[in-house]
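*Asks:* Here is how the chains run, residue by residue.
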Amino acid sequence: MPNYNYRGITLSVPDNDSEYKGYFDAAGEGRLVVKKCVDCGLLRGEPGPGCPWCTSINWEWQQVSGKGTIYSYQVVAHTVIPSFRDLTPFAIVLVELDEQRGHPDEHDGLRITGNLVDANFDMEKEENVGIGKRVEVAFQPVEEGFMLPQWRLIDEPDQGFTWSHEAPQG
Amino acid sequence: MAGNPRDKYCIVGVGETEYSRASGRTTRAMGAEAIRNAMNDAGLSPDQVDGMLSYHGGDSTPSTSIQYDLGIRPNFYMDCSGGGSSTEALVGLAIGAIEAGMCDVVAIFRSMNGYSNIRIGGTGARASAPIGGMDLMKRPYGLISAVQQFSYTFTRHMAEYGVKSEDLAAIKVAHSNHASNNPKALMKHRVTVDDVMNSRWIIRPVAHLLDCCLETDNATCVIVTSADRARDLKHKPIYIKGVQGRGTKPGGDFHYQHGPITRVAGHYVGPRVFDLAGVKHEDVDITGCYDAFTYTVMLQFEDYGWCKKGEGKDYVTSGIINLGGKRPNNLSGGHLCEGYTHGMNMVIENVRQLRGTVDDYCPGAAEGDHTYDYSEGGCRQVQDAKISMNMGWGTPAVGSSLIMGNVLS
Chain A
1 MPNYNYRGIT LSVPDNDSEY KGYFDAAGEG RLVVKKCVDC GLLRGEPGPG CPWCTSINWE
61 WQQVSGKGTI YSYQVVAHTV IPSFRDLTPF AIVLVELDEQ RGHPDEHDGL RITGNLVDAN
121 FDMEKEENVG IGKRVEVAFQ PVEEGFMLPQ WRLIDEPDQG FTWSHEAPQG
Chain B
1001 MAGNPRDKYC IVGVGETEYS RASGRTTRAM GAEAIRNAMN DAGLSPDQVD GMLSYHGGDS
1061 TPSTSIQYDL GIRPNFYMDC SGGGSSTEAL VGLAIGAIEA GMCDVVAIFR SMNGYSNIRI
1121 GGTGARASAP IGGMDLMKRP YGLISAVQQF SYTFTRHMAE YGVKSEDLAA IKVAHSNHAS
1181 NNPKALMKHR VTVDDVMNSR WIIRPVAHLL DCCLETDNAT CVIVTSADRA RDLKHKPIYI
1241 KGVQGRGTKP GGDFHYQHGP ITRVAGHYVG PRVFDLAGVK HEDVDITGCY DAFTYTVMLQ
1301 FEDYGWCKKG EGKDYVTSGI INLGGKRPNN LSGGHLCEGY THGMNMVIEN VRQLRGTVDD
1361 YCPGAAEGDH TYDYSEGGCR QVQDAKISMN MGWGTPAVGS SLIMGNVLS
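Which chain is which? The protein sequence lines are A and B, in order. Each residue of the first sequence is one higher than the one before, counting from 1 in the numbering used here. Each residue of the second sequence is one higher than the one before, counting from 1001 in the numbering used here.
Just so you know, these hints were derived from the structure itself, not from any lab. Note that the coordinates shown come from a computational prediction; the quantities given were computed from them, not determined experimentally. Note that the Cβ used here is the ideal one computed from N, Cα and C, for glycine as well. Worth double-checking, as some hints may not be accurate.
Claimed, not checked - So the derived label-pair ranges between C-beta atoms look like this: (1) V38/A x K1326/B: 37 to 47 angstroms; (2) W53/A x N1004/B: 31 to 41 angstroms; (3) E156/A x E1160/B: 18 to 28 angstroms; (4) R1272/B x Q63/A: 39 to 49 angstroms; (5) K1326/B x T10/A: 47 to 57 angstroms; (6) V38/A x T1064/B: 27 to 37 angstroms; (7) G1368/B x K125/A: 26 to 36 angstroms; (8) R1272/B x N5/A: 43 to 53 angstroms; (9) M1134/B x Q63/A: 17 to 27 angstroms; (10) N120/A x M1134/B: 45 to 55 angstroms; (11) Y1161/B x D25/A: 57 to 67 angstroms; (12) M1134/B x G30/A: 19 to 29 angstroms; (13) C1080/B x E60/A: 46 to 56 angstroms; (14) D39/A x D1194/B: 23 to 33 angstroms.
Stated by the list, open to error - Computed footprint of chain A on chain B; a stretch qualifies when at least three of its residues, placed anywhere within it, have a C-beta under 8 angstroms from a C-beta of chain A: (15) 1155-1166; (16) 1171-1183.
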């Protein structure tokens, strides 16, 4: 079944989606995976068909630890998606995975988007989001066999560059 | 770079429709009017226009329809998928088509009911449309609109360089002052830093409502031909000194996987366009820097080298970009105040500025008789502007640039 419904949005993941089907198949089993180049061995954060470093089109899925650090973020105060209105303000985070940080270039990393959520998959409080905070993947059940990778704060010291904006009071 | 066409091609006509939020008509009707206005501006008849170029996001009308409405028969046309930064790039493609002998005179147009029909952010019904492919990694998390798509770049920039919301607001203030002297502008009133700060938040920490451009119904057109052909047309030709783009950052759509994330396409486009045009930063009198949001302006000023990386906040608050300043930016009010046109209006404005006949409130504006009194409701013509530079923004990863001048190098 290639279609799933989440917050009124139809997510279409057909069998011939060679980029994202394997990613969501693994997520449905509670595993976070990235693509690994079979030839040069480098991982890539975006599950594309070719290796950005060696052009090889031979790849395999590789499970990663699911831990990382918030690299950048945005807090949505106003959303244009009607079915997300009751969630505002909510944080969307760009998480840099622990694997392959700063390789092969010092600015490179495996970076994945998700919401910052609490133990119940409700949106985390705005004052708790910040660059440098440590997070771990959490798989939010959507439909039978389909889970959405989300991110939760973990009790580890901030890592690298840290910063957060001043959240409005109230 | 082989075959530098510096000064061999010109923009000879510009035109637009009204900027509104309820055009009450089709993109076909608006496109026809904008092209007609540009032809009249140039002094060209339909049989003298034999090229058409447009860009769209599935929200416009093809050249092959509008040609009928104006009696144009193109020897060359192309309707490209595009968006911000396409304007400058299509000026370059028009030069290429003419250089290749495919046509002689090209009308470039953009037509969009960007407020009343198809809005850029994908609001309403489009927000709930089925999604697949790369959107699967963003949309389920509520990441959809343009201000969001670019904001990872600027949150990180604010963090690394200590930018405040007040710094961004200075850009809106400058552009609103310019718009107050533009009868065409959708938002003509001058705003203050406090007005921007007190408008509601859209995305923290990067944008209040007044940091965002104005979704607009409009069509726009610029006409490109050779300097030889330009000689017997109505206006002083505005020479194309150099054009580049759409150029990209490494990674393209997935640029945030590489770095530095705060770097934008101008870092790559800038040196090439300055080299082609044979000008230096200090030679440029006016700029047109794509203001989808106030932060796109600051990012581009830095990466095109108007200031050092991280000093954009000082550049935009220094007065340099204001009318009466050293190098004013977006003199029509740009996307933030005149109207959102996907980049076209900033090129149109610079053409009019270089002609010296900007359509402000001066009674003799059309004849180039300006007061240079920049108070509200007055003049917006920059005195003796000779060189302009446009910096088009598509995404943090995509940009184009165009340098024009009113004298030969």
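*Asks:* None of the hints should be skipped; say for each whether it holds.
*Replies:* Status of the hints after comparison with the structure:
1. V38/A x K1326/B: 37 to 47 angstroms: About 56 angstroms separates the Cβ atoms of V38/A and K1326/B, which means 37 to 47 angstroms is violated.
2. W53/A x N1004/B: 31 to 41 angstroms: holds (34 angstroms)
3. E156/A x E1160/B: 18 to 28 angstroms: holds (23 angstroms)
4. R1272/B x Q63/A: 39 to 49 angstroms: holds (43 angstroms)
5. K1326/B x T10/A: 47 to 57 angstroms: Check passed, 52 angstroms falls within 47 to 57 angstroms.
6. V38/A x T1064/B: 27 to 37 angstroms: violated (47 angstroms)
7. G1368/B x K125/A: 26 to 36 angstroms: For K125/A against G1368/B, whose Cβ atoms are near 59 angstroms apart, the range 26 to 36 angstroms is violated.
8. R1272/B x N5/A: 43 to 53 angstroms: holds (47 angstroms)
9. M1134/B x Q63/A: 17 to 27 angstroms: holds (22 angstroms)
10. N120/A x M1134/B: 45 to 55 angstroms: 29 angstroms Cβ-Cβ, so the 45 to 55 angstroms window is violated.
11. Y1161/B x D25/A: 57 to 67 angstroms: Because 41 angstroms falls outside the window, the suggested range is violated.
12. M1134/B x G30/A: 19 to 29 angstroms: holds (23 angstroms)
13. C1080/B x E60/A: 46 to 56 angstroms: Distance hint for C1080/B, E60/A is violated at roughly 37 angstroms.
14. D39/A x D1194/B: 23 to 33 angstroms: violated (58 angstroms)
15. 1155-1166: holds (count 5)
16. 1171-1183: That given contact is violated, which follows from only 0 residues of the stretch 1171-1183 of chain B lying within Cβ reach (below 8 angstroms) of chain A.
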